[in-house]
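Asks: Below, each chain spelled out in residue letters.
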Amino acid sequence: MNFHLKIWRQAEGNKQGGFQDVEAGDIPSEASFLEMLDIVNDRLTEGGDEPVAFDHDCREGICGSCSLTINGIPQGPGRGTACQLYMRKFSDGDTIYIEPFRVGAFPVIKDLVVNRSAFDRVIAAGGYISERCGNAQDANDTPIPKTVADYAMDAAACIGCGACAAACPNGSAMLFVSAKVGHLGLLPQGKPEANRRVRGMVARMDAEGFGNCSNYYECEAVCPAGVPAAFIAKMNRDYALASVRNAVEATA
Amino acid sequence: MSTITLDPKIPSGPLSNKWANFKAASKLVSPANKRRYELIIVGTGLSGGSAAAVFGEQGYNVKCFCYQDSPRRAHSIAAQGGINAAKNYQNDGDSVDRLFMDTIKGGDFRSRESNVYRLAQVSSHIIDQCVAQGVPFAREYGGMLANRSFGGAQVSRTFYARGQTGQQLLLGVYSELSHQISAGTVKMHPRHEMLDLVIVDGQAKGIITRNMVTGEVEAHAADAVILASGGYGNAFFLSTNAMGCNVTATYRAYRRGALFANPCFTQIHPTCIPVSGEYQSKLTLMSESLRNDGRVWVPKRKEDCGKKAVDIPEDDRDYFLERKYPSYGNLAPRDISSRSAKEVCDEGRGVGPGGLGVYMDFADAIERLGEATIRERYGNLFEMYENITGENAYQTPMRIYPAVHYTMGGLWVDYELQSNVPGLFVIGEANFSDHGANRLGASALMQGLADGYFVLPYTIGNYLAPVRGTRPEVNRPEFKQAVEEVKERVNRLLSIKGTRTVDSFHKEIGKLLWDECGMARSKEGLEMAIKKFDQIREEFWSNVRVLGEGDELNASLEKAGRVADFIEFGQLMCEDALDRNESCGGHFRVEYQTPEGEALRNDDDYFYVSAWKYTGEGNKPELIKEPLQYEGVKLATRSYK
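Quick mapping for you: the protein sequence lines, in order, are chains E and H. Residues in the first sequence are numbered consecutively from 1, following our numbering. Residues in the second sequence are numbered consecutively from 1001, following our numbering.
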């Protein structure tokens, strides 16, 4: 297959970037999108051009390193990450635009590589259960209804790639944050810190410069892990309740 | 004669009391003194991440490094199937002894008995710990934890979270690590790659890293260095490892004097999606858990291979695992299942393009349990399979073929998980001790978390307590020299400006290893490969093309350094395979097999750990043996019939 690529090139975060035209000829239809980029990079190198920098690692759709916007869609067309997108999904002769995720809170490092450490800082602001490793109680001492465990797992499946924020016109990270708040808050082990957690994580999310949610649901549409946007509504309720409780406790 | 004698430091007492005896006698560092120590941890997977979190919790100062952009992306995340633990929640006869025996036998009697017993003992705590930190394991309607079966066991002891168990365990570790990062006890350095180990007065006291964004080469000093940098499966180019997985951290430690143990023990996983072309960058695993419900077969006759699976009647199918190993059937261990698949394909009975594939068929399970149940159990795997191959496995059997998946070998460690270099500890897949010549499914996650959460935090005290206050400064000559050497190597790679890409070299050694040091190995092939590696190394250092600069994000430069190490390391793998004149576990030497084609072990001559000492570039490494001693286990021929 043959493609006309328009690839975003940017030497450094504070330098001007732009699209480079690259012809990708003779690409096997069974190749994944990233394998197509490997082929392109090998050819660029052989021709004396610097290869395109892009983040990738497991290539199984689970590590969340992928951060490409393909034809305007974070992680590209179809469900799943860019590494799970196969060239047979495109038509011969297509023009394909490849850009980094476009979010203010994810500054570009080089070419298609962005800095997503804001997500790590949001998790560090409360996305955990404080417990010491040592002699935890037996795992079956606290039964957890299957439906609750399954629903928590739906949220916990988030791979932290940031496509949700990249797809949102507001650059909001609400789906990512609500997934962690939802996952831990649903489980009995996560309840004691639930109020603290949601307030801490939301405050950090705001401080990192992510926008607000105004119900576009673009996040849900691109989420490679299929995290439902219903968790955003749940987090809004949790946050409101936690804020009220906090205010009442502060005056009590 | 060797200059080193290896002391595995196995504690006294009967097998079941060794760990308790050890803990009772080990040295402690008081809470007030812990904050005076600095620990370096390389890698944030299940073992490194959990160790960093626990040491942080205990009050040590931890510096943690990973090459990914976030600790949450370590390759533990890709483990699908599950984690073993001797909970016996199923009341099916499981126990610590049973898990221990399965693991020893699965490893074909080449692991260290005392380490494995301890692993089985702490396995239950891991599940408790994970549940306490919010890991959403699969549950039954009564609210209790669910289990599934895995290969090499006749009990159901595997805990799981859909097909994403590794992800959920790693995210549990990552959340605890994040907690410590926010508490200030752990300082995280993502996008940093360890390029050398610094030894001061014979002890590991620091590392040299390259900041992968700015290219800055930095020196870091500590009281002890912990390597949790994973396995070396990517030496084969095509493997189920993530693209960035590499041997550099452990190989650099080897060059500085740490011994590399059993490098030829690599695991070829039986159920991966077959290779489809030259362009392919990695192979994708289909979890072993699928063998609970999938039946593996090929046509009985070569002539049927071109037919569609549905057109081949039941009588013309060879369910070769069920036929050869009736008591374990499709759940025979990985090495045996892989070799059986290779055999039938070598006979010309393989299916799919190139004849390199066997069927894994779910038709019976779907008929018995219904498609909905199968979907709930393995939905995401079937989806992944369809995405990659374009085939619907609910309707037509999956095609699978073995692929490199895990490496049992690693840096040599004693019972305390300390290498022969004092102050250098090695945990998780990066060490060698627990899986012998073959790892059982769902045991890697168990070992990673055991090492990080429950073993190293106890064993490190014996080293740390006496060395308080002796941490060197980074301005010492040892650090300065190591920094200069790393910079020089980076510059050398950039200045060659040859004609071949880094990947072309990686593909070349990968194919060489797969052909000569893969599922079947021979004396002639290995000798040829060892010579070939010399040529490849020479060509690499005179003809590789690495573009760009050293002071920026430069993926080909990173990869060039890793491939340079893989080239030297691949030769070491072959040396080890050549030395071991027996077949055991994943190491199958064609000269040593039974008339039925099963592995023929030689306990009289090879009941030892091969630990290799670096003797200079291009020189044959020196073999140092740790004789294995079994107290509780009787050596036996492994049988899964």
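FYI, nobody ran anything at the bench for these hints, they're computed from the structure. No experiment lies behind these values; they were computed from the predicted model shown. One or more hints might be untrue.
Restraint-style ranges between C-beta atoms, simulated for each label pair [as the list claims (entries may be wrong)]:
hint, chain 1, residue 1, chain 2, residue 2, range
1, E, Lys191, H, Pro1031, 24 to 34 Å
2, H, Glu1391, E, Asp94, 49 to 59 Å
3, E, Gly25, H, Asn1211, 15 to 25 Å
4, E, Arg196, H, Asn1543, 53 to 63 Å
Anything over 12 Å on all C-beta distances counts as not near chain H; from chain E, calculated [unchecked claim]:
hint, residue
5, Ile70
6, Asn71
7, Asp92
8, Thr147
9, Leu184
10, Ser214
11, Ala240
12, Val248
Taking lysine-lysine pairs in the DSS-like style, the calculated list, with each CA pair at most 30 Å apart, reads [stated by the list, open to error]:
hint, chain 1, residue 1, chain 2, residue 2
13, H, Lys1613, E, Lys191
14, H, Lys1620, E, Lys89
15, E, Lys15, H, Lys1497
16, H, Lys1620, E, Lys6
17, H, Lys1641, H, Lys1532
18, H, Lys1531, H, Lys1641
19, E, Lys15, H, Lys1613
20, H, Lys1620, H, Lys1641
21, E, Lys89, H, Lys1523
22, E, Lys89, H, Lys1308
23, H, Lys1307, E, Lys6
24, H, Lys1531, H, Lys1480
25, H, Lys1507, H, Lys1480
Glycine included, every Cβ here is placed at the ideal spot set by N, Cα and C.
Asks: Each hint needs a verdict: does it hold in this structure or not?
Replies: Outcome of the hint check:
The beta-carbon spacing between Lys191(E) and Pro1031(H), approximately 29 Å, falls within the hinted interval of 24 to 34 Å. Judged by the Cβ atoms, the range 49 to 59 Å given for Glu1391(H) and Asp94(E) is violated: they are separated by roughly 24 Å. Checked against the hint of 15 to 25 Å, the pair Gly25(E) and Asn1211(H) fails, with Cβ atoms roughly 37 Å apart. Distance hint check: the CB atoms of Arg196(E) and Asn1543(H) are about 59 Å apart, consistent with the given range 53 to 63 Å.
The Cβ of Ile70(E) sits about 15 Å from the closest Cβ of chain H, beyond the 12 Å cut-off, so the non-interface label holds. Separation of Asn71(E) from chain H is adequate, the least Cβ-Cβ distance of about 18 Å exceeding the 12 Å criterion. Listed as a non-interface residue, Asp92(E) keeps its Cβ farther than 12 Å from every Cβ of chain H; the least gap is roughly 17 Å. Non-interface call for Thr147(E) relative to chain H: violated, since the shortest CB-CB distance, roughly 9 Å, does not exceed 12 Å.
Not every beta carbon of chain H lies more than 12 Å from that of Leu184(E), the smallest distance being close to 5 Å; the non-interface claim is violated. At roughly 28 Å, the least C-beta separation between Ser214(E) and chain H is larger than 12 Å, which holds for a residue marked as non-interface. Every CB of chain H lies more than 12 Å from the CB of Ala240(E), the least distance being 23 Å, so the non-interface label holds. Consistency note on Val248(E): stated as away from chain H, and its beta-carbon is indeed over 12 Å from all of that chain's, at 26 Å minimum.
At most 30 Å may separate the alpha-carbon atoms for a hinted pair to count; Lys1613(H) and Lys191(E) exceed this at roughly 52 Å. Proposed proximity of Lys1620(H) and Lys89(E) is contradicted: the alpha carbons are some 50 Å apart, above 30 Å. Among the hinted pairs, Lys15(E) with Lys1497(H) is consistent with the structure: their alpha-carbon atoms are about 27 Å apart, no more than 30 Å. About 50 Å separates the Cα atoms of Lys1620(H) and Lys6(E), which puts this hinted pair outside 30 Å; it is violated.
Proposed proximity of Lys1641(H) and Lys1532(H) is contradicted: the alpha carbons are some 39 Å apart, above 30 Å. Pair hint Lys1531(H) plus Lys1641(H) does not hold up; C-alpha atoms about 40 Å apart against a cutoff of 30 Å. Our distance criterion of 30 Å between C-alpha atoms is broken by Lys15(E) and Lys1613(H), whose separation comes to about 48 Å. At most 30 Å may separate the alpha-carbon atoms for a hinted pair to count; Lys1620(H) and Lys1641(H) exceed this at roughly 40 Å.
Restraint check for Lys89(E) and Lys1523(H): the C-alpha separation of about 46 Å exceeds 30 Å, so the hint is violated. Taking the CA atoms of Lys89(E) and Lys1308(H), the gap is near 25 Å; set against the 30 Å cutoff, the hint holds. Proposed proximity of Lys1307(H) and Lys6(E) is contradicted: the alpha carbons are some 43 Å apart, above 30 Å. Note on Lys1531(H) and Lys1480(H): the hinted pairing is violated, with a Cα-Cα distance of about 35 Å set against a maximum of 30 Å.
For the hint linking Lys1507(H) to Lys1480(H), the alpha-carbon distance of about 35 Å lies beyond 30 Å, and the restraint is violated.
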